[in-house]
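Novice: Spelled out from the first residue to the last, the chains are:
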Amino acid sequence: MRKWSILFAMAAISTVGCFVYSYFDPDWWLPNTARDMHRVVSTFGREIDNLFLIILFVTGGVFIITQVVLVAAMYRFPDRRDEQGRPVRKAVYSHGSQLLELIWTVIPAGILVFIALYQMGTWASIKYRGSAPRVPPLAEITARQFQWVMRYPGPDRKLNTADDLVVIDDLHFVKKQSVLIYLKSADVLHSFYLPQLRIKQDAVPGLTIPVWFDCDEAGEYELVCAELCGWGHYKMRGNVTVHETEKDLRRWIDEKLAEQGRSQLAMIPGSGSEGGDRDD
Amino acid sequence: MIWRSRLGWMLGCSFLAVAASGCSDAFNAGDLVYIEAPAMTQDLGPTQGNLKDKPRLREKVRAAMKELYGPDPQTIRVPKGMPLSNGGALLASHIEGGKDPGPHPILQVSATPGSAPAPQAGGYAIYRRNCLHCHGVSGAGDGPTAPFMYPTPRDFRPGKFKFTSTPSGRPPHRDDLRRTITYGLDGTSMPAFEPLLTPAEIEEVVDYVMFLSMRGQTELALIDEAATFEEGDAGEALDEETVQSLADSVFKMWRKSQSARLNPKVARTEPTRASILRGRDLFLASDCKDCHGRLAAGDGDSFIDQETFNKIVFGGNPSERARRAEELISRDSKKLWKDDWGNPLRPANLNKPMYKGGRRPIDLYWRIAKGINGAQMPGHYPSPFDDEKTWDIVNFVLALPYEPTLLTDAPQNAPAGTAVADARGR
Numbered sequence: 033m034r035k036w037s038i039l040f041a042m043a044a045i046s047t048v049g050c051f052v053y054s055y056f057d058p059d060w061w062l063p064n065t066a067r068d069m070h071r072v073v074s075t076f077g078r079e080i081d082n083l084f085l086i087i088l089f090v091t092g093g094v095f096i097i098t099q100v101v102l103v104a105a106m107y108r109f110p111d112r113r114d115e116q117g118r119p120v121r122k123a124v125y126s127h128g129s130q131l132l133e134l135i136w137t138v139i140p141a142g143i144l145v146f147i148a149l150y151q152m153g154t155w156a157s158i159k160y161r162g163s164a165p166r167v168p169p170l171a172e173i174t175a176r177q178f179q180w181v182m183r184y185p186g187p188d189r190k191l192n193t194a195d196d197l198v199v200i201d202d203l204h205f206v207k208k209q210s211v212l213i214y215l216k217s218a219d220v221l222h223s224f225y226l227p228q229l230r231i232k233q234d235a236v237p238g239l240t241i242p243v244w245f246d247c248d249e250a251g252e253y254e255l256v257c258a259e260l261c262g263w264g265h266y267k268m269r270g271n272v273t274v275h276e277t278e279k280d281l282r283r284w285i286d287e288k289l290a291e292q293g294r295s296q297l298a299m300i301p302g303s304g305s306e307g308g309d310r311d312d
Numbered sequence: 025m026i027w028r029s030r031l032g033w034m035l036g037c038s039f040l041a042v043a044a045s046g047c048s049d050a051f052n053a054g055d056l057v058y059i060e061a062p063a064m065t066q067d068l069g070p071t072q073g074n075l076k077d078k079p080r081l082r083e084k085v086r087a088a089m090k091e092l093y094g095p096d097p098q099t100i101r102v103p104k105g106m107p108l109s110n111g112g113a114l115l116a117s118h119i120e121g122g123k124d125p126g127p128h129p130i131l132q133v134s135a136t137p138g139s140a141p142a143p144q145a146g147g148y149a150i151y152r153r154n155c156l157h158c159h160g161v162s163g164a165g166d167g168p169t170a171p172f173m174y175p176t177p178r179d180f181r182p183g184k185f186k187f188t189s190t191p192s193g194r195p196p197h198r199d200d201l202r203r204t205i206t207y208g209l210d211g212t213s214m215p216a217f218e219p220l221l222t223p224a225e226i227e228e229v230v231d232y233v234m235f236l237s238m239r240g241q242t243e244l245a246l247i248d249e250a251a252t253f254e255e256g257d258a259g260e261a262l263d264e265e266t267v268q269s270l271a272d273s274v275f276k277m278w279r280k281s282q283s284a285r286l287n288p289k290v291a292r293t294e295p296t297r298a299s300i301l302r303g304r305d306l307f308l309a310s311d312c313k314d315c316h317g318r319l320a321a322g323d324g325d326s327f328i329d330q331e332t333f334n335k336i337v338f339g340g341n342p343s344e345r346a347r348r349a350e351e352l353i354s355r356d357s358k359k360l361w362k363d364d365w366g367n368p369l370r371p372a373n374l375n376k377p378m379y380k381g382g383r384r385p386i387d388l389y390w391r392i393a394k395g396i397n398g399a400q401m402p403g404h405y406p407s408p409f410d411d412e413k414t415w416d417i418v419n420f421v422l423a424l425p426y427e428p429t430l431l432t433d434a435p436q437n438a439p440a441g442t443a444v445a446d447a448r449g450r
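Keeping their order, the protein sequence lines are chains A and B.
To convert a position in the first sequence, counted from 1, into the working numbering, add 32.
To convert a position in the second sequence, counted from 1, into the working numbering, add 24.
FYI, nobody ran anything at the bench for these hints, they're computed from the structure.
Please note that the accuracy of each hint is not assured.
[Claimed, not checked] Simulated crosslink set (EDC-like; lysine to aspartate or glutamate; CA at most 20 angstroms straight-line):
| no. | chain 1 | residue 1 | chain 2 | residue 2 |
| --- | --- | --- | --- | --- |
| 1 | A | 267 | B | 225 |
| 2 | B | 313 | B | 329 |
| 3 | B | 104 | B | 67 |
| 4 | A | 190 | B | 351 |
| 5 | B | 380 | A | 195 |
| 6 | B | 335 | B | 311 |
| 7 | B | 289 | A | 276 |
If you're wondering where the values come from, they're calculated on a predicted model, not measured in any experiment.
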């Protein structure tokens with residue numbers, strides 16, 4: 033009955049094949065920019081991908097070795113019977129091998145310790161508050177069911193004053209600058225997730241959590257909620273726009289502030305919101 | 025060995041059975057139907073005509089509705105003259121009939137897939153995907169998630185929307201609906217759809233909401249008209265001409281609203297200290313404090329107190345709210361606690377910078393000047409507040425959350441004129 037070994041070999045090969053294929057398909061690979069699926073756009077993204085790939089290679093290597101041994105054993109020792117239907121080979125009864133057990137305990141333990149030590153720097157630079165960049169906060173983001181309320185400091189550059197800009201689901205910052213935000217939640221647990229920047233942080237009611245990140249490349253990215261927060265969880269998305277220069281960001285904030293300060297209908301020409309003369 | 029394989033079969037089969045039943049459409053079984061207005065079968069009081077004991081007239085209304093708007097949500101008809109973009113072409117992906125009215129002036133839009141694939145999903149499809157679970161198939165605010173909401177999702181059918189820029193009681197301007205869908209309503213369960221839908225898709229949804237709303241209003245108008253007839257005279261009631269003229273009057277209201285937005289005659293007064301204090305004095309001297317409270321915490325005397333309110337709204341099964349209200353509020357009490365839809369509401373706590381209808385000065389101007397449709401907030405323009413006074417109050421409301429001492433330190437019964445003295449003192 034050698035056919036079983038072939039089935040198991042096929043399963044292993046297709047699994048490895050999926051991983052190899054994923055490297056060439058942007059939909060399968062890690063979320064990156066549309067132009068270059070292998071270009072990671074943030075500092076933390078590169079560190080995290082580095083860790084991810086190390087773990088992938090270690091586990092992938094172990095997977096391949098164990099699958100080769102498994103299939104080889106099945107191929108080498110198939111179920112064989114003589115004319116009377118009795119097994120040809122005699123089973124071996126074993127009390128185990130201490131040496132083998134030692135090997136397969138010490139090696140994984142070593143790998144785990146290596147990963148635990150190796151990732152510490154990355155974890156510290158992303159999560160330890162001491163590593164937060166010394167910059168004024170870009171915004172205070174309050175998650176609520178089911179949107180992100182973003183509060184940017186107004187002209188006085190101070191948060192939580194009357195001149196703040198408040199927008200919904202719209203995160204804007206400048207490329208190649210460390211960005212600091214304060215994350216809050218107004219109701220339940222949410223998770224602030226920037227897939228392309230590999231940033232994920234839970235928003236916890238009652239806590240104000242600083243989150244920092246950067247991005248090398250100007251463009252459009254996405255913000256999603258990564259913690260099931262209720263029936264409208266899937267609606268909880270946001271647009272992320274990374275600007276080329278500080279000037280572009282200020283221009284966007286000024287535009288939004290002007291709209292937020294609107295006191296008459298036709299204050300901003302060409303805003304497109306006057307649908308009154310629409311052809312019915 | 026045999027036992028094991030039998031167990032395997034049993035487990036496998038039961039798993040498959042569960043999976044198969046889970047995949048079935050049983051939950052959505054049945055045709056999609058519009059929910060009828062309650063006045064069709066119930067007596068709702070003297071203000072609204074009803075067809076409680078008039079089955080033949082009921083049938084007449086149903087037939088007229090079918091003729092005008094199509095038999096069910098999946099076959100949409102757009103009556104001639106309905107003020108929608110491109111004659112209703114954004115409502116669904118597949119259009120039968122075409123733009124030429126022909127002898128029978130109805131444009132039929134079918135939401136069920138036809139022969140020609142369409143590039144866009146249409147308002148109906150987007151509404152089903154994103155809005156239906158709260159606002160319901162007919163726009164009655166009765167979707168499956170609606171019972172869990174506070175505030176309750178809007179019932180579009182009476183054609184009344186809270187946050188509008190048109191004169192009080194009028195249908196909303198297209199831009200009001202567009203803003204609500206795009207940016208959501210702060211402090212409610214209405215989320216912002218800006219990151220989920222393209223501007224073109226939002227236009228389609230706006231059209232579909234307007235369609236449901238005008239449909240509901242027509243239904244109410246038809247019921248009102250039919251209720252004036254006796255059941256015996258059902259043959260004469262609601263001829264084609266009357267039906268069309270009733271629908272036309274609804275369309276006319278909506279069309280008129282599209283060019284009747286209230287635009288403040290003067291721009292906002294600079295939010296100076298003096299203006300903010302003038303606003304405060306107006307707040308304290310007028311009826312604002314009766315509902316919003318002397319400290320603007322939303323606890324004025326005109327409303328039932330917060331504790332009773334909480335008991336009614338959150339103190340048990342939501343479907344038994346009316347019963348709890350009856351128990352807890354004495355019959356002769358004139359205190360307020362609900363809006364025109366019968367949903368519980370409270371005046372806003374103005375100490376929190378949360379503005380349901382938008383935070384732009386113009387949004388607050390509209391709230392103060394023309395009130396909130398269907399809610400207890402009345403219009404104040406041009407009397408008692410003219411433009412300048414309204415802007416002073418807007419400035420005060422925008423400043424208050426960051427300066428709570430404005431009210432806590434205010435002199436009791438502040439006489440007019442102290443504001444200026446105060447301003448000089450700072």
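Novice: What hints, given by number in increasing order, does this structure fail?
Specialist: When the structure is compared with the hints, numbers 3, 4, 6 and 7 turn out to be violated.
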